[in-house]
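S.K.: So you can see what is in the structure, the chains are spelled out below.
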Amino acid sequence: DAGVTQSPTHLIKTRGQQVTLRCSPKSGHDTVSWYQQALGQGPQFIFQYYEEEERQRGNFPDRFSGHQFPNYSSELNVNALLLGDSALYLCASSRWGITGELFFGEGSRLTVL
Amino acid sequence: AQSVAQPEDQVNVAEGNPLTVKCTYSVSGNPYLFWYVQYPNRGLQFLLKYITGDNLVKGSYGFEAEFNKSQTSFHLKKPAALVSDSALYFCAVRDAARGGYQKVTFGTGTKLQVIP
Numbered sequence: 001d002a003g004v005t006q007s008p009t010h011l012i013k014t015r016g017q018q019v020t021l022r023c024s025p026k027s028g029h030d031t032v033s034w035y036q037q038a039l040g041q042g043p044q045f046i047f048q049y050y051e052e053e054e055r056q057r058g059n060f061p062d063r064f065s066g067h068q069f070p071n072y073s074s075e076l077n078v079n080a081l082l083l084g085d086s087a088l089y090l091c092a093s094s095r096w097g098i099t100g101e102l103f104f105g106e107g108s109r110l111t112v113l
Numbered sequence: 001a002q003s004v005a006q007p008e009d010q011v012n013v014a015e016g017n018p019l020t021v022k023c024t025y026s027v028s029g030n031p032y033l034f035w036y037v038q039y040p041n042r043g044l045q046f047l048l049k050y051i052t053g054d055n056l057v058k059g060s061y062g063f064e065a066e067f068n069k070s071q072t073s074f075h076l077k078k079p080a081a082l083v084s085d086s087a088l089y090f091c092a093v094r095d096a097a098r099g100g101y102q103k104v105t106f107g108t109g110t111k112l113q114v115i116p
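So the protein sequences, as listed, match chains A and B. So for the first sequence, our numbering puts the first residue at 1; every next one is plus one. So for the second sequence, our numbering puts the first residue at 1; every next one is plus one.
No lab work stands behind these hints: they were computed from the structure. Heads up, a few of these hints could be off.
[To be verified] Restricting the straight-line Cα-Cα distance to at most 25 Å, the calculated cross-link-like pairs of lysine-lysine (DSS-like) are: (1) K58(B) - K26(A); (2) K49(B) - K26(A); (3) K69(B) - K103(B); (4) K26(A) - K103(B).
When you get a sec, could you build the whole thing from the sequences and use the hints?
M.R.: This is the structure we're talking about:
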């Protein structure tokens, strides 16, 4: 049973560029959440997708956007990258309406130069 | 708004000694509480959760946590620490009243160092 998979694992961008990160949820899960974890910090909630719609959003600017596909996989897009966007981006999957833990991928490490 | 506080940036404990990692939370309704562990450059791994019922929750790798509603705390414990327990530990909370909306708020993390 495949867990949550994320790609790419590492990437380097320059300021002003755009980046797309991808996530495939655990088998049987229909909800994807994205988190940003800066160095030395706890994960910060970006947004949550269910049924291809953004359901909740954290305190992140509109430069952060996402998408969920019919197969439940998801993308996180960040436009006009800033140095401060350098972080580990974590995808977590779950089942909508089911009380339980989030299952995390290994993350995508973004470095903005 | 919901929040989590982990008052200790780092906890040092000798191998074989009991360990405690502290967590307090704030949420408007009833809480769902979680502990996760993170090894360097890895994602988060689930350890245990409190949803309802018994206040003492047992989880993976011999860890347990006690839910204390009056003190709004959910401290992580283990009777005998192992060197392999050295990692970063995160406490997390979500509001049970929110149904499918699963915004989980994490603390800032506590680095556990087990000394041989």
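S.K.: What are the numbers of the hints the structure violates, in ascending order?
M.R.: none
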